[in-house]
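J.: Given next are the chains, with one letter for each unit.
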Amino acid sequence: MARITAGIASSHVPLLGVAADTGKDRDAYFGPIFEGYDWTRAWIAQSENKPDVVILVYNDHASAFDMKIIPTFAIGCGERYKPADEGWGPRRVPDVEGHPDLAWHIAQSLILDEFDMTIINEMDVDHGLTVPLTMMYGAPEAWPAKVIPLAVNVVTYPPPSGNRCWALGEAIARAVKSFDGEDLNVHIWGTGGMSHQLQGPRAGLINAEWDNMFLDGLVGASQKLRSIPHIEYLRETGSEGIEMVMWLIMRGALGRETKALHRHYHVPCSNTAIGHIVLEPVDDRVPPSATIEGNDAAAQAAI
Amino acid sequence: MTDPRDIHAYLGAFDDIPGTRVYTAARARQGYHLNQFAMSLMKAENRARWLADERAYLNEWPLTPEQRDAVLARDYNRLLDLGGNIYFLSKLFSTDGLSFVQAVSTMTGMSVEDYKAMMDAGGRSPEGMRSIKGKY
Ligand SMILES: [Fe+2]
Numbered sequence: 001m002a003r004i005t006a007g008i009a010s011s012h013v014p015l016l017g018v019a020a021d022t023g024k025d026r027d028a029y030f031g032p033i034f035e036g037y038d039w040t041r042a043w044i045a046q047s048e049n050k051p052d053v054v055i056l057v058y059n060d061h062a063s064a065f066d067m068k069i070i071p072t073f074a075i076g077c078g079e080r081y082k083p084a085d086e087g088w089g090p091r092r093v094p095d096v097e098g099h100p101d102l103a104w105h106i107a108q109s110l111i112l113d114e115f116d117m118t119i120i121n122e123m124d125v126d127h128g129l130t131v132p133l134t135m136m137y138g139a140p141e142a143w144p145a146k147v148i149p150l151a152v153n154v155v156t157y158p159p160p161s162g163n164r165c166w167a168l169g170e171a172i173a174r175a176v177k178s179f180d181g182e183d184l185n186v187h188i189w190g191t192g193g194m195s196h197q198l199q200g201p202r203a204g205l206i207n208a209e210w211d212n213m214f215l216d217g218l219v220g221a222s223q224k225l226r227s228i229p230h231i232e233y234l235r236e237t238g239s240e241g242i243e244m245v246m247w248l249i250m251r252g253a254l255g256r257e258t259k260a261l262h263r264h265y266h267v268p269c270s271n272t273a274i275g276h277i278v279l280e281p282v283d284d285r286v287p288p289s290a291t292i293e294g295n296d297a298a299a300q301a302a303i
Numbered sequence: 304m305t306d307p308r309d310i311h312a313y314l315g316a317f318d319d320i321p322g323t324r325v326y327t328a329a330r331a332r333q334g335y336h337l338n339q340f341a342m343s344l345m346k347a348e349n350r351a352r353w354l355a356d357e358r359a360y361l362n363e364w365p366l367t368p369e370q371r372d373a374v375l376a377r378d379y380n381r382l383l384d385l386g387g388n389i390y391f392l393s394k395l396f397s398t399d400g401l402s403f404v405q406a407v408s409t410m411t412g413m414s415v416e417d418y419k420a421m422m423d424a425g426g427r428s429p430e431g432m433r434s435i436k437g438k439y
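Just so you know, the protein sequences line up as chains F and C, in that order. Letter 47 of the first sequence, counting from 1, is numbered 47 in my numbering, and no numbers are missing. Every number in my numbering is 303 more than the matching position in the second sequence, counting from 1.
Quick caveat, the hints were computed from the structure, so don't treat them as lab data. Just so you know, these numbers come straight off a predicted model, no measurement behind them. Any given hint might turn out to be false.
Cut-off 30 Å, straight-line C-alpha distance, at most; resulting in silico cross-link-like pairs (DSBU-like, lysine-lysine) [claimed, not checked]:
| hint | chain 1 | residue 1 | chain 2 | residue 2 |
| --- | --- | --- | --- | --- |
| 1 | F | 224 | C | 436 |
| 2 | F | 82 | F | 50 |
| 3 | F | 224 | F | 177 |
| 4 | F | 177 | F | 50 |
| 5 | F | 224 | C | 438 |
| 6 | F | 224 | F | 259 |
| 7 | F | 82 | C | 346 |
| 8 | F | 177 | F | 82 |
| 9 | F | 24 | C | 419 |
| 10 | F | 50 | F | 24 |
| 11 | F | 259 | F | 177 |
| 12 | F | 68 | F | 82 |
| 13 | F | 68 | C | 346 |
| 14 | F | 82 | F | 24 |
| 15 | C | 346 | F | 24 |
| 16 | F | 50 | F | 259 |
| 17 | C | 438 | C | 419 |
Please work from the sequences and hints to get the whole structure.
T.: Structure (structure tokens):
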């Protein structure tokens with residue numbers, strides 16, 4: 001049996017990895033950013049909050065995927081992943097251990113639930129995945145949780161809609177619930193964002209008001225974030241703010257209603273607004289699958 | 304669920320955002336080899352060959368003359384116009400030893416110092432920067 005006990009969202013700016021790896025994380029510039037994660041580091045170290053597995057939603061930034069293949073939603077089912085060389089040598093952080101049993105179960109369930117996932121057995125993982133691990137865990141010898149990477153295309157338009165991301169989260173929740181292997185405490189993390197634009201004359205755009213509206217919308221029973229169109233992310237939060245659709249996968253997986261345990265917002269980190277929130281599902285109610293296979297006992301039994 | 308989208312209206316709206324090139328399929332097609340060239344700089348041996356002779360290295364890639372000139376000039380706004388994507392182009396400026404802030408600031412017409420000061424003061428305001436037609 002496995003259950004999703006928490007959702008965490010966090011920016012994944014590469015410079016945060018550099019700061020942590022070079023011992024600058026408590027200096028005048030980075031200190032206020034990292035201090036906002038101290039609460040989470042203490043919370044996640046407590047045995048009742050410690051996840052066995054993290055489903056880590058992120059995007060690859062021209063590291064594992066180039067323009068040859070562009071999967072919209074891809075799930076890592078491998079045994080382990082190495083930190084990618086993003087052009088300046090790989091980060092010296094531990095390898096990321098996967099959880100193939102749960103990952104394959106989720107992949108199969110999602111496909112029967114009509115989310116046609118790309119399955120990845122081998123890849124390297126870039127800052128999008130390793131920086132959130134650093135923010136939550138610091139610099140341990142080995143990462144304390146196994147990780148199921150869930151990569152989303154937010155680079156080449158169109159990325160998936162916010163609504164589709166939310167619905168994928170709901171399908172992930174159903175998949176985790178139907179796992180019949182070992183008892184697992186599962187987290188789902190959504191990463192990227194918040195407002196930032198890394199290109200063109202409008203680069204440097206930050207919209208603290210909109211970002212905080214988005215953080216507010218993740219808490220409680222509201223569903224209003226799922227209908228935000230891409231153009232609104234682009235206009236209000238900069239061209240790279242679209243990464244926030246990945247947070248909606250996390251939110252969808254927490255079911256009907258959430259409670260916020262911790263929240264942090266800081267401007268700037270490099271070109272980006274840092275946002276971080278820790279959420280708990282209020283109950284585990286998720287809408288049932290609307291699909292034929294999702295409701296077919298024989299199909300489900302075959303997973 | 305959401306209403307079906309008019310794909311033409313969806314794509315057309317992107318041109319209404321000031322100072323922004325959304326990386327659409329059309330740009331991805333136009334910039335395919337440009338971005339794959341930049342991607343090749345992820346490998347140390349390619350970086351060494353590139354640094355030894357930029358023009359010779361570029362000649363191995365089927366780029367347009369405009370793309371080639373813009374790469375040599377490190378004209379990032381022009382590279383965006385020619386189908387470049389910033390995550391791929393970052394391999395190029397990283398090879399030059401530039402950080403994201405340094406490289407990104409070159410696209411804004413501001414000095415690195417002024418750009419950094421703007422970021423430290425809370426970033427560029429979205430006021431008036433959301434829509435060309437709507438002027439808001
Ligand atoms: Fe990112």
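J.: All the hints need checking, so say for each whether the structure fits it.
T.: Going through the hints against the structure:
no., hint, result
1, 224(F) - 436(C), "holds (26 Å)"
2, 82(F) - 50(F), "holds (23 Å)"
3, 224(F) - 177(F), "holds (25 Å)"
4, 177(F) - 50(F), "holds (18 Å)"
5, 224(F) - 438(C), "holds (26 Å)"
6, 224(F) - 259(F), "holds (16 Å)"
7, 82(F) - 346(C), "holds (16 Å)"
8, 177(F) - 82(F), "holds (29 Å)"
9, 24(F) - 419(C), "holds (18 Å)"
10, 50(F) - 24(F), "holds (27 Å)"
11, 259(F) - 177(F), "holds (20 Å)"
12, 68(F) - 82(F), "holds (21 Å)"
13, 68(F) - 346(C), "holds (17 Å)"
14, 82(F) - 24(F), "holds (24 Å)"
15, 346(C) - 24(F), "holds (27 Å)"
16, 50(F) - 259(F), "holds (18 Å)"
17, 438(C) - 419(C), "holds (26 Å)"
Checked against the numbered hints above, the structure violates none of them.
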